[in-house]
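Using the hints, position chain U with the ligands against chain P.
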Amino acid sequence: MPDIKIPGRESLLKIYEQMLRIRLFEQKATELFTQGLVTGSMHLYIGEEAIAATAGVLLRKTDTITSTHRGHGHCIAKGGKTDRMMAELLGRKAGYCGGKGGSMHMADFTEGNLGANGMVGGGLAISVGAGITNAIMKKNDSVTICFFGEGATNEGIFHESLNLAAIWKLPVIFLCENNLYQVFTSVKESLPVKNVSVRAASYGIPGIICDGNDVFELYDVLSSAIEIARKGGGPSLIEAKTYRWEGHYTGDGYAKGGYRSIEEVEAWKAKDPIARLGAYIIKNMIAERGLLEKIQKDLKSEMEKAALFAQESPWPDDGDLCKDVFFERQV
Amino acid sequence: MPVIRYSQAIRDAIAEEMRRDKDIFVMGEDVETMGGVFGCTKGILEEFGHDRIRNTPISEAVIIGAGVGGALTGTRMLVEMQYVDFILHAMDQTINQAAKVRYMTGGKAILPLVIRAQQGSGRGNGAQHSQNLEAIFCHMPGLKVVMPSNPYDAKGLLKTAVRDNNPIMFFEHKVLYNTTGEVPDGEYTVPFGKADIKRVGKDVTIVATSWMVLKAMEAAGILEAEGIDAEIIDPRTLVPLDKDTIISSVKKTGRAVIVHESHGVCGIGAEIAFVINELAFDWLDAPVKRITSAQAPIPYSRKLEQLTIPSTEKIVSGVKEVLNRS
Ligand SMILES: Cc1ncc(C[n+]2csc(CCOP(=O)(O)OP(=O)(O)O)c2C)c(N)n1
Ligand SMILES: [Mg+2]
Numbered sequence: 001m002p003d004i005k006i007p008g009r010e011s012l013l014k015i016y017e018q019m020l021r022i023r024l025f026e027q028k029a030t031e032l033f034t035q036g037l038v039t040g041s042m043h044l045y046i047g048e049e050a051i052a053a054t055a056g057v058l059l060r061k062t063d064t065i066t067s068t069h070r071g072h073g074h075c076i077a078k079g080g081k082t083d084r085m086m087a088e089l090l091g092r093k094a095g096y097c098g099g100k101g102g103s104m105h106m107a108d109f110t111e112g113n114l115g116a117n118g119m120v121g122g123g124l125a126i127s128v129g130a131g132i133t134n135a136i137m138k139k140n141d142s143v144t145i146c147f148f149g150e151g152a153t154n155e156g157i158f159h160e161s162l163n164l165a166a167i168w169k170l171p172v173i174f175l176c177e178n179n180l181y182q183v184f185t186s187v188k189e190s191l192p193v194k195n196v197s198v199r200a201a202s203y204g205i206p207g208i209i210c211d212g213n214d215v216f217e218l219y220d221v222l223s224s225a226i227e228i229a230r231k232g233g234g235p236s237l238i239e240a241k242t243y244r245w246e247g248h249y250t251g252d253g254y255a256k257g258g259y260r261s262i263e264e265v266e267a268w269k270a271k272d273p274i275a276r277l278g279a280y281i282i283k284n285m286i287a288e289r290g291l292l293e294k295i296q297k298d299l300k301s302e303m304e305k306a307a308l309f310a311q312e313s314p315w316p317d318d319g320d321l322c323k324d325v326f327f328e329r330q331v
Numbered sequence: 001m002p003v004i005r006y007s008q009a010i011r012d013a014i015a016e017e018m019r020r021d022k023d024i025f026v027m028g029e030d031v032e033t034m035g036g037v038f039g040c041t042k043g044i045l046e047e048f049g050h051d052r053i054r055n056t057p058i059s060e061a062v063i064i065g066a067g068v069g070g071a072l073t074g075t076r077m078l079v080e081m082q083y084v085d086f087i088l089h090a091m092d093q094t095i096n097q098a099a100k101v102r103y104m105t106g107g108k109a110i111l112p113l114v115i116r117a118q119q120g121s122g123r124g125n126g127a128q129h130s131q132n133l134e135a136i137f138c139h140m141p142g143l144k145v146v147m148p149s150n151p152y153d154a155k156g157l158l159k160t161a162v163r164d165n166n167p168i169m170f171f172e173h174k175v176l177y178n179t180t181g182e183v184p185d186g187e188y189t190v191p192f193g194k195a196d197i198k199r200v201g202k203d204v205t206i207v208a209t210s211w212m213v214l215k216a217m218e219a220a221g222i223l224e225a226e227g228i229d230a231e232i233i234d235p236r237t238l239v240p241l242d243k244d245t246i247i248s249s250v251k252k253t254g255r256a257v258i259v260h261e262s263h264g265v266c267g268i269g270a271e272i273a274f275v276i277n278e279l280a281f282d283w284l285d286a287p288v289k290r291i292t293s294a295q296a297p298i299p300y301s302r303k304l305e306q307l308t309i310p311s312t313e314k315i316v317s318g319v320k321e322v323l324n325r326s
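Quick note, the sequences are listed as chains P and U, same order. Sequential numbering from 1 applies to the first sequence in my numbering. Sequential numbering from 1 applies to the second sequence in my numbering.
Just so you know, these hints were derived from the structure itself, not from any lab. Quick caveat, the model's predicted, so the values are computed rather than measured. Certain hints may be false.
Said to hold, decoys possible - Once the Cα atoms are required to be at most 35 Å apart in a straight line, the calculated DSBU-like pairs of lysine-lysine come out as:
id, chain 1, residue 1, chain 2, residue 2
1, U, Lys159, U, Lys198
2, U, Lys303, P, Lys297
3, P, Lys256, U, Lys303
4, P, Lys231, P, Lys256
5, U, Lys42, P, Lys194
6, U, Lys42, P, Lys271
7, P, Lys81, U, Lys303
8, P, Lys269, U, Lys174
9, P, Lys294, P, Lys323
10, P, Lys256, U, Lys174
11, U, Lys303, P, Lys93
12, U, Lys174, P, Lys81
13, U, Lys303, P, Lys188
14, P, Lys323, P, Lys305
15, P, Lys194, U, Lys22
16, U, Lys100, U, Lys320
17, P, Lys323, U, Lys289
18, P, Lys93, U, Lys159
19, U, Lys174, P, Lys323
20, U, Lys303, P, Lys305
21, U, Lys108, P, Lys323
22, P, Lys188, U, Lys320
Claimed, not checked - Covered by chain U, per the in silico footprint, the following chain P stretches (three or more residues, Cβ under 8 Å):
id, segment
23, 14 to 26
24, 47 to 56
25, 114 to 120
26, 148 to 156
27, 224 to 238
Cβ atoms here follow ideal geometry from the backbone N, Cα and C, with glycine treated the same way.
Next comes chain P alone, as it looks inside the complex:
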C-alpha cells in the first residue's frame, strides 16, 4: 500500500485559516455587492474552499496556478491579499489589476497566480505553457495547478491541453472542481460519464477522484500528484467532488429550488469542509477551540479592514483607460 500523506498540525491550521479567509472574504464581498459597490457578477466559491486551501499549502511560491471565473479562493490560497482583492472588486486603482480586471480576472503574478479567467477552460492551455517554461526551458522542478470546473472538460481545449501536457510530460496538475452544475445545467445532462477522472485514460495519465470537501483526502491525492510532477513524471487529472452553496453567480435567484432542490443544497451544506476540519481539530486536540475562535475573530477584522481599504481607495485615473493595452518601455 502506498504511504498516505497526512498534513501536520501547522498545515492543518493553515488550511483551516485559509478556508475561513476565503469564506469570510466572499461573505464580505457579497455585502458590498448587495450595496451596489461591486459591478457585474461574482461567482462564489463558498462550499468548495477545501480544494484551493489544501492546494495552497502544498505549493511553493515559485509554483504557479491558473484559475477560473470562480477564482477568489484560488487567489487567496496562492497568497492573495484580501484588501487588494476587495479593491479590485470595487474597481479601484489599488486592486490587483488596477480595477481593470474585476472578479473574473484577478491575478497576482508575484505570487504565481496567472489569473482567474472569464472564459470557461481559459486556464487549461495557459497551464500547459507554464509547464513548458518550467520543464523544458528552465528545467526546474516547479509545478502548475490548473483549476477548472467539470463543465470546462466539455470544451475542445480540454482535450488539446491534456493531450499536449501528457505527450510532453509537463508538470501540470489538472484539478477539476466537480460541483455538479454548470450554471443551470446538471452534470446528468452534460457528461456521458459519471466521473470526469475517467477522461484521463485518453491521455494515459493518472485520473483520481477525491472528496473535495475532505482536506485529508485532498492533501494525500494532491501531494502525490505534485510529487510526480516535480520529478518529471508528467501531469495528472484529479477530480474533487464538491458543491457550491450559493448561486452560479451572485443574484442567481434560482440557486435554491430552481434547477436544484433545497434538500440537495442542505445535504451538501452538512458536508461543510470548514466545520468538518474544525471539529476534527478540536476532537483530536490539534488546537483548542479558543485558537479557532481567535482565527475567526482576526479574519473578521481583516475583512472589515479590507472593505474599508477598498472603499477608500481612489478610482483609476481617466488616463488609465488606454494604458496597458501594449507593453511600453518605462521612461
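Positioned in the frame of chain P, the structure of chain U with the ligands alone reads:
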C-alpha cells in the same frame, strides 16, 4: 398596442416561428432550463418539448458546428451563444464553415442557421464578457449581421432571420433585454437591409446601432433644445446595409456622425464613413465623425467603463463639432 420587453420579443419570435415551422431546432448553454440566463427561451421547453430545444454542454465549437451540419441536412438551426465573447471558441466553425460552405460548394449548400448572441458593455462584466464583435463578422463574406435596438425590431428581425436560408449573426444587447417597447399582437416581420429613420431632422445625420440608438435619441432631445435638428438612422442590419437611406439622409443634412459601441478601428463606422465618402462626398459640409469605445479592452472598473462607452454627452459634443458649434 401591447408594451413588452426586448427579451420577451425574442421569446415570442422564437415561439411563433417554432409553431409555424416544425423543422426549427434550438440549442445552446442553459437554454432549456428556466428559459436560459436572460429568459429568452422561457416556456419553449414546456410548449415544444425536449426534441425541439436542448441544453448543450459548454462546447461552443460544436454548438456552431452542429448548427452548420443540422442546417445542411434540413433542420432550421437556431443556436445561442450566452455571451458573444464565447463564439471566439468557435471561429473556425463560424467563419471557415458557416460563412463559406455555400460559396465553396458552388451555391449548392442551403444553410438556414441563426446564431443568436448576447453582447455589449454597460454591466461591469469585464473584458471577456462585454465585447461587441459585429465588425469581425461583417468583414467576412457570407454572414448576415443583425443588431436590433428595440423590442419591435428584435421580434420582426428574428422572424426574418429564422426564415432566411443563410447563416445569420443576430446580436442582442444585454442592456436592452429589460427595455420595453410597443409590439403588435399580430404577425409581422421586419425586412433585412431596410434602415429605420428613428427621427427626422435636417441639420445632421446620426447613424447609430443597437444600444447606441437609445443614446442618440437622448442626444437628439438635448440638441433640439439648442436648436439643432438631428436625423437618426438605425441601420438594423449591417449586412446587408441600407446604403440608400443613409446616403439620402446625408445628402439632405450634409453632415454625418456615426455612433457605435465597438472599437473604432476597422469598425462598422469606418465602413459607413467610406460609403458616405464614395456616394455623398460632394454633399458633405464637414468631415464624417465617428464616436466609439476607446481602442482598449472594456475595463471592469465602473468608472473606466463609463468613460469608454459612447455617452449622450459625447454624441452631443460630436454633433456640435461637425456643425462647428461649441
Ligand atoms: C467559453 C465559455 N463558455 C461559457 C461561459 C459561460 N459560463 C460561465 S461559468 C459557466 C459554467 C461553468 O461550469 P464549470 O466549468 O463546471 O464551473 P463552475 O461554474 O461550476 O465552477 C458557464 C457556462 C463562459 N464563461 N465561457
Ligand atoms: Mg461546475
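Check: Which of the numbered hints are not met once you compare them with the structure shown?
Finding: 4, 9, 13, 16, 18, 21, 22, 23, 24 and 27
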